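Generate coordinates for the entire structure from the input sequences, incorporating the hints supplied.
Line by line, the protein sequences give chains A and B.
At position 72 of the first sequence (counting the first as 1) the number is 72 in my numbering, and the numbers step up by one without a gap.
At position 194 of the second sequence (counting the first as 1) the number is 450 in my numbering, and the numbers step up by one without a gap.
The hints are simulated quantities; they were obtained by calculation from the structure and are not laboratory data.
All figures in this text were calculated on a predicted structure; none of them were measured in a lab.
Note that beta-carbon positions come from the ideal geometry of N, C-alpha and C, so glycine has one too.
Keep in mind that a hint or two might mislead.
To be verified - Estimated spans, in silico, between C-beta atoms of each pair:
| no. | chain 1 | residue 1 | chain 2 | residue 2 | range |
| --- | --- | --- | --- | --- | --- |
| 1 | A | Ser12 | B | Gly535 | 54 to 62 Å |
| 2 | B | Ala537 | A | Asp78 | 26 to 34 Å |
| 3 | B | Ala537 | A | Glu245 | 27 to 35 Å |
| 4 | B | Ala277 | A | Met99 | 50 to 58 Å |
| 5 | B | Leu474 | A | Asp78 | 31 to 39 Å |
| 6 | B | Phe370 | A | Leu14 | 55 to 63 Å |
| 7 | B | Glu292 | A | Arg80 | 41 to 49 Å |
| 8 | A | Asn180 | B | Ile551 | 58 to 66 Å |
| 9 | B | Phe370 | A | Met99 | 25 to 33 Å |
| 10 | A | Phe238 | B | Val601 | 28 to 36 Å |
| 11 | A | Glu245 | B | Leu474 | 46 to 54 Å |
As the list claims (entries may be wrong) - Straight-line alpha carbon distances no greater than 30 Å define the calculated DSS-like cross-link-like pairs of lysine-lysine that follow:
| no. | chain 1 | residue 1 | chain 2 | residue 2 |
| --- | --- | --- | --- | --- |
| 12 | A | Lys89 | B | Lys527 |
| 13 | A | Lys81 | B | Lys288 |
| 14 | B | Lys491 | B | Lys339 |
| 15 | B | Lys527 | A | Lys243 |
| 16 | A | Lys81 | B | Lys605 |
| 17 | A | Lys243 | B | Lys339 |
| 18 | A | Lys89 | B | Lys288 |
| 19 | A | Lys10 | B | Lys339 |
| 20 | A | Lys81 | B | Lys527 |
| 21 | A | Lys214 | A | Lys89 |
| 22 | A | Lys10 | B | Lys409 |
| 23 | B | Lys288 | A | Lys177 |
The primary structure of each chain is shown beneath.
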Amino acid sequence: MGIDRRGFMKVSGLTILGIAGGASIDGLASPQTPRKKAAEAGTRRYAMVVDLKKCHSQEGCRDCVQACHLYHNVPDFDNRKDEIKWIWKDSFHHAFHSMEHEHLEESITEGPALLLCNHCDNPPCTRVCPTKATWKREEDGIVMMDWHRCIGCRYCVVACPYGSRSFNWRDPRPHIKEVNPDFPTRTRGVVEKCTFCELRLAKGQKPACVEACKEGALIFGDLEDPESEVRKALQDRFSIRRKPELGTEPEVYYLV
Amino acid sequence: MIENALRGSKRYWTWVFFLLAVIFVGFLFYLKQYHEGLGITGLSRDVTWGFYIAQLTFLVGVAASAVMVVLPYYLHNYKAFGKITILGEFLAISSVIMCMLFVVVDIGQPSRMFNLFLHPSPNSMLFWDTVVLSGYLILNIVISIVTLGAERKGIAPPGWIRPVIVFSIPWAVSIHTVTAFLYAGLGARPFWMTAILAPRFLASAFAAGPALLILLVLLMRKITKFHVGDEPIKKLTVIVTYAMIINVFFVLMEFFTAFYSAMPEHVAHFKYMYFGLDGNANLVPWMWTSVVLSIFALVMLIVPKFRYNFKLLPVTCVAVFIGLWIDKGIGLIITGFVPSVLGEVVSYKPTFPEIMITIAIYAVGALLVTVFYKVALTVRGEVTYDRVRPLETKAVGTK
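In structure tokens, the structure reads:
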């Protein structure tokens, strides 16, 4: 029995299709990863409250940024184009440009705002991910990242309204000054961002930035717990969130 | 059938080797990008998608535009398009392959590409874009092999292919609609948050695609014996005319909504494109070139005397194609990122390696079009040859 070239190409074409199709059906049929199941164990909703006035009291302080970046092996590229940042200080103007007006209290507008991933309740970044490499953890609301699954399409970076996600344009490893062996380093070509220090939380520790802040400007806790520090802080003072009109429900609040 | 691509004139081979050389150079730059990362491009934290994704967007349009020859022929029985449907389909196949290559070069971890299929995510528009693009590729490959194969044997194509072809018509619309949905559903990017984005994509595609097809047909009339006659070309020109008018109309709608509402986050992007923002006027010369080309093209298309002048037609088509390429392949994607989500005006310029990789992918497309058209034309040559001459002289070398 002979097989001619056309026959061979038809068969091999169909085989490739079959494999691709089979793989996708497999993916569709397989049960959702255990992420969602844990939700039954009692849900928490982690949130961060930033006290802008306390944060401003130490001019030029970068304790939280340094602690975070050191702990998470965030590279330092020294140029804006390749920059990676999990938490950073930016101007009030950049952080809250829709809320700004000319005569706003100067102590608020002139000081920096601390920016990080908002761990939104309704995150646009996880919605657009084509590989489920980023997802919202149902049990505590943390927006997670799988650096081994991410294909580096950067759709999440495009969809994030807060500029909270960074992409590894180059190999980050040579740019890490001091490697923390307790935390993985990343490879080039993947997206990364703040994870609310989920590894530290699992060990019962506070996020690195909260621990590093001597002014107590950062308050972290569970919004589901009425006795938590975050709930109390939000009850006592007026707070704002970034771009609330987009319906993303950010979980980082700013006391003004 | 495909073996016809391996026989050709000196001119044919010179062109093929030229394209291969361009592809080779681009491939070397891609290796550099593969080893060093996307950092060698002009992309940044703020402008995260650029030239590659913009070309993908533009070429999805060219691919979808094949429907403009398929639909009149198969649904309205417009016989004059009979000879060029296969050219439209081959152009579609080549464009989809270019689109896929642009996705591959834009991805940070190409070796993990298969995760798209291993972890299908129906909530992601990128997932759906992969689905519709691969589906469109398969549809067009099947359709062109079956119809051209039948033509080679001088028989009518099998009956089952007709429903497949009809099915490919809405599918073509879907590929560009889903591509628009990649952008149009993001609260973070007000510039793309417009319901008219998908219709606008389709209108510009149905102008740019057929304009390219006219240029290819006119070129083939010049360098080969393939002659399609004037009627299909005239009809294609009418299609380009309508699509171009609708496209410009849609763009003006966008202007009205942005500037009359005067909402800063909408106005800022248009200002950046056409007038410059915060001293950054990167795109201004490009966008005004596009405006001038589009107005020129509209005049040439609307006035019947110019529209049917075959000497002027190539100039008009080039104006349409380049005007729309600037609009979609440069303006549309980059402007979505400027100003950034933090309101900053950041510049982006593709780097030399980025441009070389882009050119190489276009060269792949040109090579595919060349080979496919060569095959189609030779098959056509065989058909007429067989009918005129006895079978023993069947070994036809060049066209």
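Results for each hint:
1. A:Ser12 with B:Gly535: 54 to 62 Å: holds (56 Å)
2. B:Ala537 with A:Asp78: 26 to 34 Å: At 28 Å between Cβs, range holds.
3. B:Ala537 with A:Glu245: 27 to 35 Å: holds (30 Å)
4. B:Ala277 with A:Met99: 50 to 58 Å: holds (56 Å)
5. B:Leu474 with A:Asp78: 31 to 39 Å: Given about 53 Å between the Cβ atoms, the range is violated.
6. B:Phe370 with A:Leu14: 55 to 63 Å: violated (18 Å)
7. B:Glu292 with A:Arg80: 41 to 49 Å: violated (18 Å)
8. A:Asn180 with B:Ile551: 58 to 66 Å: holds (59 Å)
9. B:Phe370 with A:Met99: 25 to 33 Å: violated (44 Å)
10. A:Phe238 with B:Val601: 28 to 36 Å: Between A:Phe238 and B:Val601, where Cβ atoms are some 32 Å apart, the hint holds.
11. A:Glu245 with B:Leu474: 46 to 54 Å: holds (52 Å)
12. A:Lys89 with B:Lys527: holds (28 Å)
13. A:Lys81 with B:Lys288: At roughly 18 Å apart (the allowed maximum being 30 Å), B:Lys288 and A:Lys81 satisfy the hint.
14. B:Lys491 with B:Lys339: Between B:Lys491 and B:Lys339 the Cα gap is close to 13 Å, so the pair holds against 30 Å.
15. B:Lys527 with A:Lys243: Between B:Lys527 and A:Lys243 the Cα gap is close to 22 Å, so the pair holds against 30 Å.
16. A:Lys81 with B:Lys605: It holds: about 12 Å lies between the C-alpha atoms, which stays within 30 Å.
17. A:Lys243 with B:Lys339: violated (55 Å)
18. A:Lys89 with B:Lys288: This hinted pair is violated, its Cα atoms lying about 34 Å apart.
19. A:Lys10 with B:Lys339: Since the Cα atoms of A:Lys10 and B:Lys339 sit roughly 25 Å apart, the hinted pair holds (cutoff 30 Å).
20. A:Lys81 with B:Lys527: holds (24 Å)
21. A:Lys214 with A:Lys89: Holds - the C-alpha atoms of A:Lys89 and A:Lys214 are around 16 Å apart, at most 30 Å.
22. A:Lys10 with B:Lys409: holds (18 Å)
23. B:Lys288 with A:Lys177: holds (25 Å)
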